[in-house]
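Following the hints, put chain B in place on chain A, whose structure we already have.
In case you want the letters, here they are:
2 protein chains.
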Amino acid sequence: MSLDRSTLRWNGWGPLRHEDAFARNNALWRFLGTALGGVELPATPATPLANCRLASPVLAFGDISPFQTAGCDVAIDAADRAFHARGDSYRDLLALRAGHLDPLPDAIVYPKSAEACRGAIQAANAADIAVVPFGGGTSVVGGVSPLRGSHRAVVAIDTTKMDRLLSVDKESMVATAEAGIYGPDLEQRLNAEGVMLGHFPQSFEFSTLGGWIAARGAGQQSNRYGKAEHWLVSARLATPAGAWSTEGYPASAAGARLTDLVAGSEGTLGIITDATFALHECPAARDYRAYLFRSFAAGREAVREIVQAGIPAASLRLSDEDETHFFGALGRLQAPPKFKSRIEDSYLKLRGFGGAKCAMITGAEGDAELVAYARSRIASIARKHGGLSVGTSPADRWFKGRFHGPYLRDPLMDRGLGVDTLETATSWSNLKRLYDAVRAALLDAMKANAGVAGGRGICLAHISHSYVDGASLYFTYVWPRARGGLDAEIAQWTAIKSAASDAIAANGGTISHHHGAGTDHAKWMAAEKGPVSMEVLRALKSALDPKGIMNPGKLGL
Amino acid sequence: MSLDRSTLRWNGWGPLRHEDAFARNNALWRFLGTALGGVELPATPATPLANCRLASPVLAFGDISPFQTAGCDVAIDAADRAFHARGDSYRDLLALRAGHLDPLPDAIVYPKSAEACRGAIQAANAADIAVVPFGGGTSVVGGVSPLRGSHRAVVAIDTTKMDRLLSVDKESMVATAEAGIYGPDLEQRLNAEGVMLGHFPQSFEFSTLGGWIAARGAGQQSNRYGKAEHWLVSARLATPAGAWSTEGYPASAAGARLTDLVAGSEGTLGIITDATFALHECPAARDYRAYLFRSFAAGREAVREIVQAGIPAASLRLSDEDETHFFGALGRLQAPPKFKSRIEDSYLKLRGFGGAKCAMITGAEGDAELVAYARSRIASIARKHGGLSVGTSPADRWFKGRFHGPYLRDPLMDRGLGVDTLETATSWSNLKRLYDAVRAALLDAMKANAGVAGGRGICLAHISHSYVDGASLYFTYVWPRARGGLDAEIAQWTAIKSAASDAIAANGGTISHHHGAGTDHAKWMAAEKGPVSMEVLRALKSALDPKGIMNPGKLGL
Chain A
-4 MSLDRSTLRW
6 NGWGPLRHED
16 AFARNNALWR
26 FLGTALGGVE
36 LPATPATPLA
46 NCRLASPVLA
56 FGDISPFQTA
66 GCDVAIDAAD
76 RAFHARGDSY
86 RDLLALRAGH
96 LDPLPDAIVY
106 PKSAEACRGA
116 IQAANAADIA
126 VVPFGGGTSV
136 VGGVSPLRGS
146 HRAVVAIDTT
156 KMDRLLSVDK
166 ESMVATAEAG
176 IYGPDLEQRL
186 NAEGVMLGHF
196 PQSFEFSTLG
206 GWIAARGAGQ
216 QSNRYGKAEH
226 WLVSARLATP
236 AGAWSTEGYP
246 ASAAGARLTD
256 LVAGSEGTLG
266 IITDATFALH
276 ECPAARDYRA
286 YLFRSFAAGR
296 EAVREIVQAG
306 IPAASLRLSD
316 EDETHFFGAL
326 GRLQAPPKFK
336 SRIEDSYLKL
346 RGFGGAKCAM
356 ITGAEGDAEL
366 VAYARSRIAS
376 IARKHGGLSV
386 GTSPADRWFK
396 GRFHGPYLRD
406 PLMDRGLGVD
416 TLETATSWSN
426 LKRLYDAVRA
436 ALLDAMKANA
446 GVAGGRGICL
456 AHISHSYVDG
466 ASLYFTYVWP
476 RARGGLDAEI
486 AQWTAIKSAA
496 SDAIAANGGT
506 ISHHHGAGTD
516 HAKWMAAEKG
526 PVSMEVLRAL
536 KSALDPKGIM
546 NPGKLGL
Chain B
-4 MSLDRSTLRW
6 NGWGPLRHED
16 AFARNNALWR
26 FLGTALGGVE
36 LPATPATPLA
46 NCRLASPVLA
56 FGDISPFQTA
66 GCDVAIDAAD
76 RAFHARGDSY
86 RDLLALRAGH
96 LDPLPDAIVY
106 PKSAEACRGA
116 IQAANAADIA
126 VVPFGGGTSV
136 VGGVSPLRGS
146 HRAVVAIDTT
156 KMDRLLSVDK
166 ESMVATAEAG
176 IYGPDLEQRL
186 NAEGVMLGHF
196 PQSFEFSTLG
206 GWIAARGAGQ
216 QSNRYGKAEH
226 WLVSARLATP
236 AGAWSTEGYP
246 ASAAGARLTD
256 LVAGSEGTLG
266 IITDATFALH
276 ECPAARDYRA
286 YLFRSFAAGR
296 EAVREIVQAG
306 IPAASLRLSD
316 EDETHFFGAL
326 GRLQAPPKFK
336 SRIEDSYLKL
346 RGFGGAKCAM
356 ITGAEGDAEL
366 VAYARSRIAS
376 IARKHGGLSV
386 GTSPADRWFK
396 GRFHGPYLRD
406 PLMDRGLGVD
416 TLETATSWSN
426 LKRLYDAVRA
436 ALLDAMKANA
446 GVAGGRGICL
456 AHISHSYVDG
466 ASLYFTYVWP
476 RARGGLDAEI
486 AQWTAIKSAA
496 SDAIAANGGT
506 ISHHHGAGTD
516 HAKWMAAEKG
526 PVSMEVLRAL
536 KSALDPKGIM
546 NPGKLGL
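Protein chains in written order, with my numbering: chain A, -4 to 552; chain B, -4 to 552.
Treat the hints as calculated values from the structure; they're not laboratory data.
Just so you know, nobody snuck in bad clues.
To give an idea of the interface, some chain B residues facing chain A are shown, with a C-beta separation under 7 Å as derived from the structure: (1) Asp164; (2) Ser167; (3) Arg211; (4) Gly237; (5) Leu253; (6) Leu256; (7) Pro307; (8) Val463; (9) Asp464; (10) His508; (11) His509; (12) Val527; (13) Ser528.
Quick list of simulated restraints, FRET-style, between CB atoms: (14) Ala292(B) - Asp362(A): 21 to 31 Å; (15) Ala187(A) - Glu364(B): 30 to 40 Å; (16) Asp(-1)(A) - Glu530(B): 33 to 43 Å; (17) Asp439(A) - Lys165(B): 32 to 42 Å; (18) Ser493(A) - Lys165(B): 30 to 40 Å; (19) Ser(-3)(B) - Ser371(A): 34 to 44 Å.
Ideal Cβ placement from N, Cα and C applies to all residues, glycine included.
Next comes chain A alone, as it looks inside the complex (with noise of 0.2 Å):
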């Protein structure tokens, strides 16, 4: 694998020792305090692994040989089980710190090749073991919580020694690579030979190949490259019913498509080994650059237009009024405007931009014609619904710190504060009731359970997919966190989170548009199927899975 594990934070997001930029940066501190309602943010710190009690693995030398003579490593030593023990969601964060592992895996089985994969997943169904497949291990769901449901033990299967990239095909502009390659090796080695994949998650520099698919994931370039379930075009997956490879052909009418139903699987019917996926040519030509909107809903209808007019964009990225606001308010803590900066100011508010106003993010990429075209089309259309072109730094801003949100979690939970994010999706019709809705329940959620007197929560959106009939809108919210241990303030998050589940299903939205389902959205995605998708679902899994070992409790399944 391209990581050191052993230099990553096994509680936390990314390098053990990476900077936190707002360490001492108290002036940002005091207009948190002051925004989430006056609150005093006391240090949080986290529960250190060698304080923490871990429960011994159940199984026995003769439950571990046959997963080495399948041709896996096996580790069963403390650091590797709490590294495993959860994913990255708020709720995993909060056990985690907290101290609290269980439940953990009670082995990390380590394949080092598709046939050994395939022999791991027949040992464990052989022996009654349930199999946790965990890529880079960055659930925002739940997804790999080791629940062993009705079997005996449970084991994580790592794909990240299966990280070979296996061809690439220039002419048919497809590559093939082993699922448990990491994001940056993966581009690495493309862009090599001239090409990308160009899936580029928040979460790219820590998740895998198999993990984008099995999440049905998106990168911020999706408009252009596509979610996982576009740009995958077959996958293999060792399967307790044995080796599963779907289809590869560009269209075809011979049935359904099954690699469709890879897409989204979340390790439920086993594990995808490797995968082909489409390429593009790495682009000779990028154009990033803002515009603001005077309110949200004129942003929303250049997205729109954008989108339904076939203008090839590769991002369209549109905050509402109070994360345009936050993080311009951000960005003048950490660097205090300059006389430009001012003179600009006044200059927006002379232009009507003085109070509510939404940025939007724009690039496209791809040959410089291609740039030309869109970039040309999307002035116009932005400024037909009024946006005011305000250049390419803050663009190229956004573009350079792309990965950096989640490195913001540990100092946030560090100093007291909770901080989550959400996302959905829904028809263009319906995307104003539905962000009103999960906004309201968000604000009152995060203020009825405060946990601190006089607190309130912050909640931002933005639309971060579009689509010719709809579009995602993701939300980050920060609240004071409870008071009164663990308990408390998973009661806190589950009320808050509930509130604003609750709101999407009620409104006509999806309970994710590219986190998964895992654990924390099983319930509503069971709504959302309905029960005869539920039952083809159960169906599904029976075949490919009959005795349940594959990611217990996951999906509902």
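Quick look at chain B alone, frame taken from chain A:
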């Protein structure tokens, strides 16, 4: 329904009395006879319905009344049973024209609403009656053959009385319509609102929305508007397990998207009662034009580059040398070349296009700027690959005649000729291998099975639909029909079809790109999907149709 079935041929294509443009064109028939090895072309007329013996229906009054109670019309007359006896494959036509109509549906059930359709399925399920879903009935792969499987009777459920446009959401650019609406009726009603679906298969005039989805069809402008699986947003089905509504979000990560299982289901899971699909503005501009390439390989590279560069073409159709030559010759036989054409010919020879050449029809549709952008980029890429622009007239002629192909089959079959088409798809890097293999297999098999001494076949091919990772190939082939009756003719067709299908399977193609699998492709589909995928399909069917009454024998299920 918008078409009066009594005006349509029950054993051929289109209206009973459509003009046969070739009837008195002796030059054409001489040309064809020569091309096929100097064979004579005898009159081989179809058997009139009055001379056919129809087996009596096995259903009693008590079997019929539950369908009526559910809100369906029921027909058992000979004309209606004959119309529903087969689809439009060559094998279907052979049987119909010979007067061999068995098996026949025992009744035709016409639900007038989704609710009535659900009632009909429940009634059939309760009474052990197999159901063949029937829309326009234009399947060319045996998809509507009334096989009863192990059940005691079989009814066709004809959807064409469910033909309402239910809603149009111009903000989200989606509409919902009942599945039995015919193509022209659907587009006319959408066009009245300024929008379109843009699905124009060759069968457009006589096929339905539900059929397009069930067979994973493709229209001739699918580069822009997508195949059925791309424009399908959600579907509602009547299944033996109850009403099934699939997800309707622009994108979701809440498990796999089960909507994807509906496209290509060919009635084996249930009947699509209504569907929501993507819309486009009626194009403000259209540009169709033709280019000539010195070889199929050069044209193929142009198509590949256009698609991989993300140029928004609506159609890219590249004919091989024989197809270009043949249609050129056909055109001359219909309208002898004028002086201007002869000058053009001389010019082409001068430029090196005198011998082998391949015609490419390109089309762009959308707003004026998009069309201008697409047109200019297509032109420059075509030039780069040696393409010579031959203007808009050949493309306009193609556009005007784009639904005419199937009308030629009846006159050909009346004159002792067999004619069939097949299509496949593969990756760009495998396209030449597949093209060569299928073409050789067809030519060899037509010669080996000529049925007339010295007879041979004609094989024409084009790239019809293209993708970033590959393209489809469409073959049209004509041969002298065997003498000696229906069995000999079916044996001849089977030998030719099997040779081509085996060549597809052995050379990395899918057995169908947009015709579907039905009965004729079931064997190759099973091999293509593999045993695990077939097990998954059986599990799916079992969940929704436990007694197996839905379209038995199709897709090998």
